[in-house]
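Assemble the whole structure, with the sequences as input and the hints as a guide.
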Amino acid sequence: MNYLTLIMAIPLFGAGFIATLPQTKSLLAKQLALATTLIAAVATILMTIKFERSNTALQFIESYDWIKAFGIKYAVGVDGIALVLILMTALLAPIVVLAGWNESEGGRWSTKTFYILILILQTMSFGVFAATDVFLFYVFFEAMLVPVYFLIGGYGSGERSAAAVKFLLYSLFGGLLMLASIIALYVISGEQGGHTFNIAALSELEMSSTTQNLLFLGFFIAFAIKAPLFPFHTWLPDAAKSATPGTSVLLLGVLDKVGTFGMIRYCLALFPEATKTFTPLIITLSLISIVYGAFLAIGAKDIKRLIAYTSISHFGFITLGIFAMTTQGHSGATLYMFNHGFSTAALFLVAGWMISRRGSSTIADFGGLQRVTPIMAWTFFIAGLSSLALPGLSSFVSEFLVLVGTFTRYPVAAVIATFGIVLAALYILIPVQRALHGPTTPGNENLADLNLREKVAIAPVIAVIVLLGFYPAPALNIINPAAAHVITQMGFIDPAPTHGGK
Amino acid sequence: MSEFISPVLSYSLLSPILVVFAGAIVGVLIEAFASKSIRPIAQISVAIGTLVLSLVQVWRIRNSGSTTAAMGSVIIDGPGVLLQASILIIAILAVFLIADTENFAAAAAAIPGSPEERESIARGQQVTEVFPLTLFAVAGMLLFPVASDLITLFVALEVLSLPLYLMAGLSRRRRLLSQESALKYFLLGAFSSAFFLFGAAYLYGYSGSVSFDGIRNAVIGGTGNDVFLLIGIAFLSIGLLFKVGAVPFHAWSPDVYQGAPTPVTAFMAAATKVAAFGAMLRIYYTSFANAEWSWRPLLVGIAIITMVFGSLVAIAQRDVKRMLAYSSIAHAGFLLTGVIALNKAGLDASIYYLFAYGVATVGAFAVVTLVRDSAGEVTDLNRWAGLGKRSPWVATSFATFLLAFAGIPLTSGFIGKFSIFSAAYESGSTAVVIAGVLSSAIAAFFYIRVIVLMFFSDPLEDATSVVIPSALTRITVLFSVAITIFLGVFPSPLLDFISNIAIFIR
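Chains as they are written, first to last, in the working numbering: chain A, 1 to 502; chain B, 503 to 1008.
Keep in mind that the hints were calculated from the coordinates and are not lab data.
Predicted model, so just to flag it, every value in this text is computed and none were measured.
Virtual Cβ for every residue (Gly too), placed ideally from N, Cα, C.
Mixed in with the good hints, there may be bad ones.
[Unchecked claim] Listed next, with one range per pair, are the computed distances between beta-carbon atoms: (1) B/Ala984 with A/Asn451: 41 to 47 Å; (2) A/Asp65 with B/Ala984: 19 to 25 Å; (3) A/Arg453 with B/Ile987: 36 to 42 Å.
[Stated by the list, open to error] As a list, the in silico DSSO-like pairs of lysine-lysine whose alpha-carbon atoms are at most 30 Å apart: (4) A/Lys25 with B/Lys891; (5) A/Lys166 with B/Lys891; (6) A/Lys455 with A/Lys25; (7) A/Lys68 with B/Lys846.
Structure below.
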């Protein structure tokens, strides 16, 4: 069964259905969107069950000619890494729809349009993780900017159009650099046995080291902008602040993962030599991201910007794990991507509810919420603890794996990164203290606590965070073989631990 | 005294061109003899009928290559047929727009603001000579990319240019601007024709022949005087680069685009570009191919300047027609990379790009004709603010064309850009590709700014209104949107078709 095409088709069909509704039926549009995302989630879960964990080859492969003249195929397939990211996308989508039930109402356009955009975005997110043809990947990579752009600019708040434009221009610039690299790959493949965009075939091309380095940079800068890595991160806080909470979850939780996923799938696989050349530079940038993002977060006064800055720090960890070139590092980075999706979702969704109740996103405007709205305060607290990687919550496992994986090869980098954890405690606990504890700030006495819909939306997120914190094996069993496979393909051998192990 | 040899013409192969000439002459006769009441409808029917008939003829001869269609002056081959078909499709779409005579002066010859003009407006006169003029221009355009000697090429150039000079001056509103643009176009066009002729003379001096094949043989033989060849190529190129609006020969295009009636601008921007690039491709790919050392470096420079200049200056534009003019300059630069590529992939890509770009351009100008207030079309971009709110479909169509111009995936523009850049890269012109990619990034900025304006800005007080499009205009917009998206998602049929038949024969 063509699972991948199926899960990509479901949201598209849903969007088509919603498009036929009259403008006034906004409730029906919401219900249809929720139903569609739930069906897609169920299909994805079924696919995950069918997935053979020990098999490191790509699975659920489909391949059809698309543009024969250029050797472009509609080719999809997943390994463990892509699968968990698709699963994450599929699980987050219904949560976002349910949690942000009313967030389309402040928009320039109808509710209907909002959900059409969300569903199209979901299809494209599936496609970008599933594509095994570089051209197809690029098409999804660029085309998904359009719905996000309209989601931010049309339904966001504050300086929404400026933020949307900034987001789009940054991404387009990176995308065009990548396009130049893709064109070069296409031409080189033509010289060496026929035009193709198949990743496996492209990874066997002979290239001079200068060519490899330049092409690597074309891809890497595009992904670093997307991820975002210091110094390409400046678009993210604006976009996250202006977007609706649901859009922010999709933006940081799903879209930005395309950057780190792309590093594994494309930078490492296509340009192994160049990867080795640039690793020291990238590890340095990752460390700067970790520490700098954390400091920005500590200084943040706005709750949405705070979450965006913490993400910059987290993406530093993910990139560090990827470029440490160890199995633990890769497993940790992939698990980190999955977990970050959920902990950021929890933070953004609860923050979104707090902001919509209070009418302000400044941290100082909150205070003593624990007395007024205990459930909301506690969920925010748990989400925060997950973000700072408290043992027992899911992020801890991945952060630990990244640090262990980095330490075996780059001990100094691992030590510096550990400071990020200390800083994380600061940037989470300070706002938690200001917003949740202490005396209730005047004006907050009558805030309502979470309603049933909100509780239902947030419960699965918290459940995933806690479950994977205690028992990460289900996720790791899928990820590990794929991560080990990437490392072997690159020609790396995990360094033996220097002490113990007997 | 030698005996007169009567020319042998293959009427069958020339029929696309001849049909249009005949249609144009019928149009002139209608203008002269038909009564005023039936004139508009008769002219529209004749124009559309002629163009469709010609398109059918093109389809019929698509596989019959011949160098002897007109005593060696015309070559019918794959690229020629494809370009002719593109020109005809674009022309049909443009005639649909021209049919909305609201845009045209009642009496074009009257001095702006004169009593004659007021009188002609009061009498509700309608201009209909624009249709035969269009057909004459189309005939010239059809001949331009299939001409195979310099004399025929020059005749075709003049046949396509002269009607365009007149048509640029026909605008109903802002008569002075329109007439100024017509005069400017005419004067600069005349200069460039002179350059063209000068270059042709030198090429004749170099090779002793005006036919493309003769020039090619002389280049391969390499016995001629290279200085003559260089001067000849340089001046001939100036004439052609002027027509496509490449920097530094672009100065006319913003003014003319702005001043001409919008349907004429649509026609001119799209169809002239196809014809001129068609001729350029033929002459550079055949006659000058073996002298690439002499023109390629220069053309690389011009392409880079054109892309970067067009993209940068477009950012500063406040008028939608001027913005599209600079965008078309930037696209001329992208298209030049196809000429520079000098390989089969470059030829295929250029033909694809020309068609995709031409259709999107006609569509974009069609939308411009729809945005009006009481005083006619509104081209000030500020007053397009909030268009997405009031007329979502019109704004969405325009956004689609802009995204195609910007080369966003799933639009025809992306496939065009990809194919043309990869062809240029394949030929080793890395610099052009990098400049092209960077100027695409710059260009994206102003395309997106218009989208922001339409969708994310609130409408101004003195709201502009969008007229209900006439059925013909609606067809043009819808067809252009459909083609733009279809060619972005399923480009294969057209790409394969082009690559199978686009081979220059000599």
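**Item:** Hints violated by the structure (numbers, ascending)
**Value:** none
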